[in-house]
Amino acid sequence: MSPLQPLNKSARLAILCYVGISAIVFLLMMIVGLVMRASQAQLIGVPPQFFYQLMTAHGGSMIVTSGLAASAVLWYFLRRYTNLYTPILWINLGLFLTGVVLILGSIFIGGFAGAWTFLFPLPSHGLGIWSTGAATAFIVGLLLIGVGFLIFYLEVARAILKEYGSIPKALGWPQLFKNSSDTMPPATIVAGTMVFIVNILGILAGAVVLVLILINLYVPRFEVDPLLTKNLTYFFGHVFINATIYQAVIAVYELLPQYTGRTWKVNKVFLAAWTASSLMVMAVYPHHLMMDFAMPSWMAISAQIFSYANGIPLIIVTAWGALTIVHRSGIKWDAASLLLMIAIFGWSAGVIPAIIDATVAVNKVMHNTLWVPGHFHFYLLTGLVAMLLGFMIYMINGDDQSAPINPNKPIDVKPMTAADTSAIWVYTLGSIGFSMMFLISGTASVPRRWAEHFPEWIVYSQVATVFGSFIVLAMLILVIKIVIRLPKARTL
Amino acid sequence: MIHENVLLLSLVLMAGVLFAFVYVFIHSTKLEQDYASIAKNSYSKRDKLFGFIIIAGVLIAIGTTRGLPYGPHNANAKQIDVIGKQWYWEISDTTATVNQPIIFNVGSADVNHGLGIYDKDLRLLTQVQAMPDYTNKLAYTFKEAGEYKLMCMEYCGLVHHSMISTFTVNDEG
Ligand code: HEM
Ligand SMILES: [Cu+2]
Ligand SMILES: [Cu+2]
Numbered sequence: 304m305s306p307l308q309p310l311n312k313s314a315r316l317a318i319l320c321y322v323g324i325s326a327i328v329f330l331l332m333m334i335v336g337l338v339m340r341a342s343q344a345q346l347i348g349v350p351p352q353f354f355y356q357l358m359t360a361h362g363g364s365m366i367v368t369s370g371l372a373a374s375a376v377l378w379y380f381l382r383r384y385t386n387l388y389t390p391i392l393w394i395n396l397g398l399f400l401t402g403v404v405l406i407l408g409s410i411f412i413g414g415f416a417g418a419w420t421f422l423f424p425l426p427s428h429g430l431g432i433w434s435t436g437a438a439t440a441f442i443v444g445l446l447l448i449g450v451g452f453l454i455f456y457l458e459v460a461r462a463i464l465k466e467y468g469s470i471p472k473a474l475g476w477p478q479l480f481k482n483s484s485d486t487m488p489p490a491t492i493v494a495g496t497m498v499f500i501v502n503i504l505g506i507l508a509g510a511v512v513l514v515l516i517l518i519n520l521y522v523p524r525f526e527v528d529p530l531l532t533k534n535l536t537y538f539f540g541h542v543f544i545n546a547t548i549y550q551a552v553i554a555v556y557e558l559l560p561q562y563t564g565r566t567w568k569v570n571k572v573f574l575a576a577w578t579a580s581s582l583m584v585m586a587v588y589p590h591h592l593m594m595d596f597a598m599p600s601w602m603a604i605s606a607q608i609f610s611y612a613n614g615i616p617l618i619i620v621t622a623w624g625a626l627t628i629v630h631r632s633g634i635k636w637d638a639a640s641l642l643l644m645i646a647i648f649g650w651s652a653g654v655i656p657a658i659i660d661a662t663v664a665v666n667k668v669m670h671n672t673l674w675v676p677g678h679f680h681f682y683l684l685t686g687l688v689a690m691l692l693g694f695m696i697y698m699i700n701g702d703d704q705s706a707p708i709n710p711n712k713p714i715d716v717k718p719m720t721a722a723d724t725s726a727i728w729v730y731t732l733g734s735i736g737f738s739m740m741f742l743i744s745g746t747a748s749v750p751r752r753w754a755e756h757f758p759e760w761i762v763y764s765q766v767a768t769v770f771g772s773f774i775v776l777a778m779l780i781l782v783i784k785i786v787i788r789l790p791k792a793r794t795l
Numbered sequence: 134m135i136h137e138n139v140l141l142l143s144l145v146l147m148a149g150v151l152f153a154f155v156y157v158f159i160h161s162t163k164l165e166q167d168y169a170s171i172a173k174n175s176y177s178k179r180d181k182l183f184g185f186i187i188i189a190g191v192l193i194a195i196g197t198t199r200g201l202p203y204g205p206h207n208a209n210a211k212q213i214d215v216i217g218k219q220w221y222w223e224i225s226d227t228t229a230t231v232n233q234p235i236i237f238n239v240g241s242a243d244v245n246h247g248l249g250i251y252d253k254d255l256r257l258l259t260q261v262q263a264m265p266d267y268t269n270k271l272a273y274t275f276k277e278a279g280e281y282k283l284m285c286m287e288y289c290g291l292v293h294h295s296m297i298s299t300f301t302v303n304d305e306g
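Protein sequences appear in the order of chains A and B.
Sequential numbering from 304 applies to the first sequence in our numbering.
Sequential numbering from 134 applies to the second sequence in our numbering.
I should point out that these hints are in silico values taken from the structure, not numbers from a laboratory.
In this text, a Cβ means the ideal position worked out from N, Cα and C, and glycines have one as well.
Take the hints with a grain of salt, since some may be wrong.
A few chain A residues facing chain B, derived, Cβ under 7 Å [said to hold, decoys possible]:
no.: 1; residue: Val-349
no.: 2; residue: Pro-350
no.: 3; residue: Gln-352
no.: 4; residue: Ile-412
no.: 5; residue: Gly-414
no.: 6; residue: Ala-418
no.: 7; residue: Ile-432
no.: 8; residue: Phe-596
no.: 9; residue: Thr-627
no.: 10; residue: His-630
no.: 11; residue: Ala-652
no.: 12; residue: Arg-788
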């Protein structure tokens with residue numbers, strides 16, 4: 304392949320906007336999260352109505368912002384192998400920002416507090432606290448964001464298929480199933496292909512349910528099945544948030560080899576793991592519906608089996624690969640590589656309580672307790688966000704402004720400052736501690752999404768608030784650094 | 134109790150993952166030139182572990198599907214109707230007897246709720262979703278007399294956290 308060219312001016316600016324906006328929104332929404340936890344701890348007083356508005360804003364913004372930051376990682380590395388059409392980046396960003404404004408307006412002006420999962424028919428049951436207009440603004444906002452991402456992934460699909468011919472080829476099926484001796488597709492292509500497949504389907508499901516709810520808001524005679532919408536909502540939500548990790552992990556596949564001077568070989572096990580996960584990530588969503596006894600019970604059983612089988616292959620391939628590549632590699636750690644490595648730990652460890660909860664017998668006493676935010680904060684804070692921060696710091700730490708460069712050349716490592724080192728470790732310990740407190744609260748049967756807790760539960764929230772403050776403090780240091788250095792970010 | 138065992142199992146497995154990362158991290162800055170043999174050695178271990186975990190995972194997953202809560206249900210059980218409403222429970226009968234099989238017929242008059250049964254130590258014993266248009270049958274047999282709480286387990290709006298009723302279980306005879 305031809306030597307890597309620098310990002311064109313417009314694409315670079317767009318990527319930097321993605322990075323800067325997500326870094327700032329992450330920080331702000333973490334502060335919102337801390338306010339919620341401090342209020343459950345009765346350290347500050349937040350009226351329930353406002354708590355649920357904050358909860359809706361925190362959940363919704365965190366999910367879509369994770370999507371935005373992850374899509375920047377995908378684009379940044381994918382364009383090393385394909386020709387992507389830059390204006391798509393701007394269209395997606397424009398729709399994203401419009402959608403976010405609508406959503407925040409619906410919450411903080413219209414009083415909407417239907418949670419980011421907008422479970423039908425809650426949006427139309429504001430009981431005077433929020434209006435149909437507020438619910439509409441929320442739904443239309445999410446729809447716009449969805450349309451932006453849909454266009455984005457269609458472009459990813461187009462670019463990959465143009466270069467690699469077909470989905471089977473991009474997933475390496477000839478090599479996997481037919482012993483073809485062609486060179487394996489790069490990890491980024493395999494991951495990108497899986498992501499566009501599942502995300503296009505997931506976003507379409509999300510769009511369908513949003514449109515159904517919207518019509519029902521204005522034409523109540525138009526009946527909507529609440530169990531069907533529940534299925535669609537969780538299919539969309541599960542796929543979308545998992546796909547953010549599958550995009551962010553591309554940074555690990557691309558950068559750890561550069562840091563260690565070793566190659567991360569795509570082999571058959573790697574291909575098989577990605578193909579299996581692509582299929583199974585779409586089959587496991589009914590683990591959100593195990594307590595819906597009206598669902599056919601074979602769905603709960605298959606969700607249990609697929610949940611066990613889905614998480615494992617990809618994580619073993621990735622975690623094992625990452626551990627192997629750095630083992631006795633003589634790596635000189637810098638802020639970016641350290642965060643990427645911590646993130647792989649956070650992802651692998653955080654999935655464990657998730658998989659265990661996908662067992663019907665466990666789900667019966669853990670579903671909708673704080674066990675659930677416990678496992679997802681674990682793999683989102685210590686996993687996903689750490690991975691995204693690693694990518695962001697890689698972007699701002701570069702000085703390879705002269706093109707063309709050789710991507711196999713080892714990275715020039717920027718030594719860590721004392722502020723970097725302490726921020727990273729405080730972030731890591733804070734986020735592990737914070738998530739553990741959710742898991743412990745779940746073990747004590749504390750329900751999730753309760754604005755006010757019983758006195759027996761308050762001590763958990765108080766300890767969690769301390770850990771949460773560590774996260775916010777460390778994040779503040781990292782985000783300031785990222786935003787200030789952004790104009791000097793690398794161009795390749 | 135299952136609650137603590139779940140936490141314990143999670144902690145043990147997570148500690149195992151942590152150990153692997155710390156071990157590799159400590160040895161990462163030393164340089165071993167011969168990556169090919171490191172990789173070969175490591176990947177052969179991985180492939181064994183892989184096979185083991187997948188087989189074990191599927192067996193455990195299948196093994197734990199016994200005793201699912203989805204029925205068929207005891208036809209002689211006492212039937213109690215529970216309807217969730219924003220924001221209270223409408224319950225046809227709030228008493229039962231120890232060891233008496235009960236079926237809660239759970240539904241909702243408006244949005245999604247969740248029926249969680251808590252004992253006096255605030256421990257979640259079992260739960261089911263309460264949704265409009267559907268009736269979910271939750272079978273449960275109380276083993277101890279006392280006051281129980283029915284609490285809402287699915288976010289249903291601004292008073293979600295106060296949607297609590299009491300339920301009394303009396304001794305036999
Ligand atoms: C300092 C960091 C953070 C703090 C203090 C925090 C705090 C919280 C709290 C208190 C809740 C409500 C728990 C409940 O009672 O149900 C929550 C929910 C949630 N958080 Fe976080 N969080 C943080 C970071 C994140 C991150 C980084 C993400 C995603 C990338 C995230 C995604 C979510 C989601 C999706 C929910 C569910 C909202 C809902 O139940 O509707 N959080 N968080
Ligand atoms: Cu309720
Ligand atoms: Cu509720």
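Consistency of the hints with the structure:
no. : hint    : result
1   : Val-349 : violated, 12 Å
2   : Pro-350 : violated, 9 Å
3   : Gln-352 : holds, 5 Å
4   : Ile-412 : violated, 17 Å
5   : Gly-414 : violated, 10 Å
6   : Ala-418 : holds, 5 Å
7   : Ile-432 : holds, 6 Å
8   : Phe-596 : holds, 4 Å
9   : Thr-627 : holds, 4 Å
10  : His-630 : holds, 5 Å
11  : Ala-652 : holds, 4 Å
12  : Arg-788 : violated, 26 Å
Violated hints, listed in ascending order, are 1, 2, 4, 5 and 12; each of the other numbered hints is respected by the structure.
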